[in-house]
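Q: First to last, the sequence lines map onto chains R and G. For what it's worth, this note's numbering labels the leading residue of the first sequence as 1, then goes sequentially. For what it's worth, this note's numbering labels the leading residue of the second sequence as 1, then goes sequentially.
Hints may be right or wrong, so weigh each one.
As the list claims (entries may be wrong) - With a straight-line cut-off of 30 Å between C-alpha atoms, the simulated BS3-like cross-links for lysine-lysine are: (1) G:Lys240 <-> R:Lys603; (2) R:Lys89 <-> R:Lys358; (3) R:Lys347 <-> R:Lys295; (4) R:Lys482 <-> R:Lys563; (5) G:Lys41 <-> G:Lys275; (6) R:Lys370 <-> R:Lys331; (7) R:Lys603 <-> G:Lys338; (8) R:Lys524 <-> G:Lys240; (9) R:Lys598 <-> G:Lys240; (10) R:Lys603 <-> R:Lys295; (11) R:Lys598 <-> G:Lys220; (12) G:Lys217 <-> R:Lys610; (13) R:Lys344 <-> R:Lys170; (14) R:Lys370 <-> R:Lys482; (15) R:Lys563 <-> R:Lys542; (16) R:Lys603 <-> R:Lys634; (17) G:Lys240 <-> R:Lys583; (18) R:Lys598 <-> R:Lys610; (19) G:Lys211 <-> G:Lys177; (20) R:Lys238 <-> G:Lys240; (21) R:Lys347 <-> R:Lys610; (22) G:Lys217 <-> G:Lys41; (23) R:Lys8 <-> R:Lys191; (24) G:Lys71 <-> R:Lys686; (25) R:Lys237 <-> G:Lys240; (26) G:Lys240 <-> G:Lys177; (27) R:Lys610 <-> G:Lys41; (28) R:Lys344 <-> R:Lys302; (29) R:Lys610 <-> G:Lys275; (30) R:Lys542 <-> R:Lys437; (31) R:Lys370 <-> R:Lys156; (32) R:Lys170 <-> R:Lys347; (33) R:Lys170 <-> R:Lys156.
These aren't lab readings, by the way, just hints derived from the structure by calculation.
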Amino acid sequence: MKNIRYEKDGENIATLVLSPTHPLDRTFAEELNRTLVTLEKDQVAGVVLIPEKGTVSDGSDLRELLAYDPSQKEEAIEISFLLQQALRKLETLGKPVVAAINGPALGEGYEICLAAHRRIATEDPVIRIGLPQVGLGLMPGSGGVSRLVRLLGLEKALPCLQEGGLLGPKDAFKAGLIDEVAEDEKDLRKKARAWILGHPEARQPWDEKNFQIPGGTMLTNPRVAQFVSLAPARLKKKTRGLYPAEEKILSAAAEGMLVNVDAALRIEGRYMVELLATPVAKNLISFSLQTAAIKAGGSRPKGFEQQRVRKLGILGAGMMGAGIACVSAGKGIEVVLKDVELQKAEKGKSHSARLMDKQIARGRATEEQKEALLSRIHPTADASDLSGCDLIIEAVFEDVPLKNAVTREAEVHLAEGGIFASNTSTLPITGLAEASKNPANFIGLHFFSPVDRMPLVEIICGRRTSDETLARSFDFVQQIGKAPIVVNDSRGFYTSRVFGTFLDEGCALLEDGVDPLLIDNLSKLDGMPVGPLTIRDEVSQKLGVSVRKANIKMVEEEGGTWKEMASDRVLRVVTEEHGRLGKAYNGGFYDYPENGRKRVWPKLYELFYKPDAHIPRQDIQDRILFRQAIEAVKCLEEGVLRSVADCNIGSILGIGFPRYTGGQLQYINTYGVRRFVERANELTEKYGERFTPPQLLMQKAEKGELFV
Amino acid sequence: MSPEAYIYDAVRTPRGKGRYDGSLYEIKPVALLGDLLNALKERNELDPARIDDVVAGCVVPIGEQGSNIAKTAALYAGWDDSVPGMQLNRFCGSGLEAVNLAAMKVRSGWEDLVVAGGVESMSRVRMGSDNGPMNKDPETSIRIGYVPQGIGADVIATMEGFSREDIDAFALDSHRKAAAASENGYFSRSLVPVRDRNGLMILEHDETIRKNASMEKMAKLPPAFESLGSAGYDAVMMTKYPQLDAIDYVHTSASSSGIVDGAGMVLIGSEAAGKATGLTPRGRIVATATVGVCPTIMLLGPMPATRKVLAKAEMSIDDIDLFEVNEAFASVVMKFKKEMEVPPEKINVNGGAIAMGHPLGATGAMLLGTLLDELERRNLRYGLCTLCVAEGMGIATIIERL
């Protein structure tokens with residue numbers, strides 16, 4: 001057999017080593033059924049289950065799930081029921097079954113353990129136990145829902161199912177996912193054997209007469225009734241209704257409580273099969289595959305040895321510089337944090353102390369870790385302290401002469417072959433590299449704010465950046481635990497450029513007379529973390545204006561003409577005519593009263609709001625997402641983006657494009673490329689040329705190709 | 001021509017506070033309804049054998065109110081075996097739905113004399129304890145966009161700009177009007193005191209009217225629905241109504257209808273049946289209507305129900321002399337008044353459920369009786385009774401005093 005190994009020892013105890021893969025794996029389900037026949041025939045004294053592989057543990061499993069088509073639904077439910085039937089048979093054999101967990105027990109691997117009468121895990125901190133299917137937009141379908149609810153009660157089971165957290169053995173024991181922790185593998189075997197010998201006729205609690213689900217059900221316990229009643233609303237608050245898996249898990253768990261375990265299993269299986277076909281599941285699976293590809297170095301040039309940065313220099317101890325220092329020092333890198341005055345550099349270092357204090361307060365770090373981290377950050381005002389750095393990142397103001405000056409001052413101190421990086425978010429790298437005496441070693445490392453929380457770094461290659469510099473920068477980004485995407489040089493690169501269109505569409509909607517509240521709220525219902533008007537207030541209108549002025553100047557210097565956008569007009573009115581400079585100043589699109597929540601600046605309604613505009617809600621929601629997706633296609637077309645994966649991962653991790661879409665290009669795939677073009681044409685007709693589908697998109701639609 | 005559906009009589013119990021310390025807590029629901037049936041029988045010298053059906057609304061028809069409380073109460077009351085009975089549930093519209101159904105039975109000509117109304121003992125059978133799928137089956141709840149009604153009331157207030165002061169003032173007015181009506185005996189024609197098995201008095205008047213209610217006292221009460229809203233229901237509401245900035249939580253326990261026990265019954269019959277039993281008609285059911293509206297705000301039914309019933313009766317809003325609009329929450333009635341442009345002196349002239357309580361299944365029948373009494377007292381002609389109904393429905397009835 002492929003996925004099951006069956007052995008029997010001298011005491012007539014059978015051992016099953018099980019490697020389930022994914023819920024569409026017919027072979028495994030059939031093998032388990034055949035094994036059950038053997039177990040019955042062999043009259044075993046008991047069974048030890050050893051899960052060997054977590055579910056959907058590798059790319060091939062994911063790709064099989066991704067290929068699922070709703071036409072396979074009959075087969076999918078058949079496989080699900082087949083596996084359920086085998087597990088039911090196992091737990092009702094009348095023989096004790098112990099799950100001996102000595103490796104990961106994830107997803108179906110753990111679901112199988114739930115069919116055992118007892119679960120024991122080795123106290124090995126690398127072992128992870130849990131039901132992470134929800135992260136792929138899926139849910140357990142082999143008893144994970146029905147059995148866990150019967151084991152723990154609804155309130156305790158639901159977080160494991162809906163959040164998909166993975167626990168180490170000790171935490172899993174505390175959470176009730178396992179019954180016992182063993183010291184080591186030998187102890188595990190001993191305990192499993194002892195339990196089997198001590199419980200010759202084990203049965204599941206849910207197969208006992210008069211079984212009650214712990215805590216009761218909504219029909220027997222008003223507390224549970226209240227919990228179930230509020231649960232959908234709690235979920236809506238969390239997911240805005242955009243993630244079906246969380247909803248189906250809740251539904252299956254609640255429904256299954258009101259029937260016997262066999263019916264509950266069928267209900268669970270049918271919900272799971274329904275999820276397999278949802279676009280969100282496909283998108284999350286695709287996101288997971290593309291993330292893995294990026295982490296595996298898909299965008300890293302081949303042929304260069306992996307390198308680690310030992311000494312890092314940072315120029316500018318503002319928010320970005322201080323953040324990069326903290327994250328890097330946290331990964332064991334010696335950091336020289338330089339600013340024009342020592343006091344400013346010291347202040348930048350204290351940012352790390354504050355962040356660590358927060359971690360300590362939450363129990364996620366210790367005082368020793370804080371001290372160690374701080375000891376690696378060396379604040380200074382003296383450029384010669386940068387001597388010997390493998391990498392220097394400048395994070396000074398977005399001002400070309402200033403950036404040129406610090407480049408010249410610092411790069412002489414680099415170690416032999418060291419790299420100089422700019423953390424600019426918009427200025428073209430090729431131009432900045434001109435200040436360097438070694439432009440091949442000059443690169444862009446665009447971090448996002450706040451650095452400690454944002455998982456992405458956008459690596460920008462200038463025209464003369466060498467492949468080796470890129471490879472080493474890529475290694476550095478991975479060394480500090482961030483996801484690297486690689487893009488080519490252009491104004492705003494990829495992330496800032498696309499993010500700019502999001503903010504601009506907010507202004508365009510404002511100009512069209514849409515209620516400002518609706519613009520922000522519908523963006524959130526699209527899945528964007530914050531609405532464009534609120535973001536503009538946070539970033540400040542003032543900064544918006546100065547960035548635009550710099551951009552206009554740059555375009556004109558290159559001999560081009562600036563194409564005026566909604567942002568230009570709206571910002572001009574609110575800043576020049578009304579002095580609304582942003583939240584940090586006197587308010588922006590919103591007022592920020594000292595006590596109480598923010599309110600739309602009343603004058604904004606006078607200036608822009610047209611109650612008779614009647615723009616359909618769907619148009620508003622589509623404009624927000626289409627505008628960004630179309631700009632992403634342009635970036636790909638122009639070669640700013642080097643791969644589809646870089647775009648999808650960058651859009652989700654960098655600019656908060658909703659995860660359920662799988663990223664900006666995957667969003668187009670899911671919408672249907674041809675349908676997307678049609679809709680874009682409609683939007684063009686109604687709202688303007690910025691929605692005109694780019695050539696690349698038209699070609700894909702004609703050929704029936706996806707962005708892959 | 002269809003026969004007219006005449007109203008021959010209307011009776012109700014006083015409303016007792018719906019808690020363990022309420023006067024009617026010790027009265028089982030079957031007795032609350034059964035004794036009221038006998039009161040109706042006695043004051044009209046009715047032969048129950050002539051009754052074609054007993055229709056009773058009940059919103060949580062389980063446990064002590066379960067099986068079929070209408071038929072069971074008729075049997076408990078000692079009525080003839082030949083009298084059938086049925087319980088129905090249109091949530092808060094149940095009592096009025098029973099009356100409307102009785103009118104339809106009579107106007108169809110297939111039944112002649114029907115007793116219709118409702119009962120609810122909220123002290124003994126907790127609201128929502130039937131655990132229906134509306135909010136206890138997550139998939140259904142998600143599909144509906146279920147939000148508790150009180151939050152819907154606060155959303156109406158937010159959208160209409162009703163302030164906490166406006167809402168409290170409305171509630172105060174309900175108590176004042178109810179207190180005056182009660183003292184002046186305006187309810188006495190319909191009111192049947194609840195007595196024990198020995199005939200001893202248990203409750204004579206509505207129990208929750210506060211004569212000394214004041215704005216100051218009410219202002220101290222915390223918003224009733226804010227914590228539920230922030231726990232998640234705000235998000236459900238905002239998904240449907242993204243134009244909302246935030247919800248102003250203005251309703252408190254004082255501006256929401258009270259939880260009470262009570263029963264109400266109306267005797268509906270054809271002209272011929274009245275003559276045969278020596279009854280004189282007091283009124284006539286002119287038209288009835290039910291509608292469905294957004295289930296998330298849930299409470300916007302009275303306006304479309306009123307428009308529908310007026311159209312059916314070929315009447316205009318100005319033809320109506322008095323309105324009973326159920327005071328489920330203050331904003332529901334305030335919204336009705338504003339949208340339908342009805343002068344305040346025509347609406348809920350003797351207070352409503354904010355002062356006297358809302359025994360879910362019975363309220364519609366009680367309001368109809370109160371309306372008829374007041375039309376008679378003021379010598380007016382047309383009255384309209386309407387209620388908002390859960391899951392987004394509305395119900396309305398127009399009556400004519402004869």
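Q: Determine for every hint whether it applies to the structure shown.
A: Hint check results:
Between Lys240 of chain G and Lys603 of chain R the alpha-carbon distance is near 26 Å, which keeps this suggested pair within the 30 Å criterion. The straight-line distance between the Cα atoms of Lys89 of chain R and Lys358 of chain R is roughly 50 Å, outside the 30 Å bound, and the hint therefore fails. The hinted pair formed by Lys347 of chain R and Lys295 of chain R fails the criterion: a straight-line CA distance of about 34 Å is larger than 30 Å. Of the supplied pair hints, the one linking Lys482 of chain R and Lys563 of chain R is violated, its CA atoms being roughly 35 Å apart against a limit of 30 Å.
At roughly 16 Å between alpha-carbon atoms, Lys41 of chain G and Lys275 of chain G fall within 30 Å of each other, so this suggested pair holds. Of the supplied pair hints, the one linking Lys370 of chain R and Lys331 of chain R holds, its CA atoms being roughly 12 Å apart against a limit of 30 Å. Of the supplied pair hints, the one linking Lys603 of chain R and Lys338 of chain G holds, its CA atoms being roughly 28 Å apart against a limit of 30 Å. Of the pairs offered as hints, the one joining Lys524 of chain R and Lys240 of chain G holds, with about 13 Å between alpha carbons and a cut-off of 30 Å not exceeded.
Between Lys598 of chain R and Lys240 of chain G the alpha-carbon distance is near 21 Å, which keeps this suggested pair within the 30 Å criterion. With a C-alpha separation of about 48 Å, the suggested pair Lys603 of chain R and Lys295 of chain R falls outside the 30 Å cut-off, and the hint is violated. With a CA separation close to 26 Å, the supplied pair Lys598 of chain R and Lys220 of chain G stays within the 30 Å bound. Of the pairs offered as hints, the one joining Lys217 of chain G and Lys610 of chain R is violated, with about 43 Å between alpha carbons and a cut-off of 30 Å exceeded.
A distance of roughly 44 Å separates the Cα atoms of Lys344 of chain R and Lys170 of chain R; the hinted pair therefore is violated under the 30 Å criterion. Pair hint Lys370 of chain R plus Lys482 of chain R holds up; C-alpha atoms about 20 Å apart against a cutoff of 30 Å. The suggested pairing of Lys563 of chain R with Lys542 of chain R holds, with an alpha-carbon distance near 20 Å, which does not exceed 30 Å. Between Lys603 of chain R and Lys634 of chain R the CA atoms are separated by roughly 36 Å; this puts the pair beyond 30 Å, and the hint is violated.
Between the alpha carbons of Lys240 of chain G and Lys583 of chain R the distance comes to roughly 28 Å, so the proposed pair stays at or under 30 Å and holds. As the CA atoms of Lys598 of chain R and Lys610 of chain R are separated by approximately 22 Å, the hinted pair is consistent with the 30 Å bound. The hinted pair formed by Lys211 of chain G and Lys177 of chain G meets the criterion: a straight-line CA distance of about 10 Å does not exceed 30 Å. This hinted pair checks out: Lys238 of chain R and Lys240 of chain G have alpha carbons roughly 16 Å apart, not beyond 30 Å.
Proposed proximity of Lys347 of chain R and Lys610 of chain R is contradicted: the alpha carbons are some 48 Å apart, above 30 Å. With a CA separation close to 43 Å, the supplied pair Lys217 of chain G and Lys41 of chain G exceeds the 30 Å bound. A hinted pair counts as satisfied when its Cα atoms are at most 30 Å apart, and Lys8 of chain R with Lys191 of chain R qualifies at roughly 17 Å. Taking the CA atoms of Lys71 of chain G and Lys686 of chain R, the gap is near 63 Å; set against the 30 Å cutoff, the hint is violated.
At roughly 13 Å between alpha-carbon atoms, Lys237 of chain R and Lys240 of chain G fall within 30 Å of each other, so this suggested pair holds. A C-alpha spacing of about 37 Å is found between Lys240 of chain G and Lys177 of chain G, which places the hinted pair above 30 Å, so the restraint is violated. With a C-alpha separation of about 63 Å, the suggested pairing of Lys610 of chain R with Lys41 of chain G is violated against the 30 Å cut-off. With a CA separation close to 40 Å, the supplied pair Lys344 of chain R and Lys302 of chain R exceeds the 30 Å bound.
At most 30 Å may separate the alpha-carbon atoms for a hinted pair to count; Lys610 of chain R and Lys275 of chain G exceed this at roughly 64 Å. Taken as a hint, the Lys542 of chain R and Lys437 of chain R pair is broken in the structure, with Cα atoms around 34 Å apart against an allowance of 30 Å. Distance hint between Lys370 of chain R and Lys156 of chain R is unfulfilled; the C-alpha atoms sit about 34 Å from each other, more than 30 Å. For the suggested pair Lys170 of chain R and Lys347 of chain R, the alpha carbons sit about 40 Å apart, so the restraint of at most 30 Å is broken.
Taken as a hint, the Lys170 of chain R and Lys156 of chain R pair is honoured in the structure, with Cα atoms around 17 Å apart against an allowance of 30 Å.
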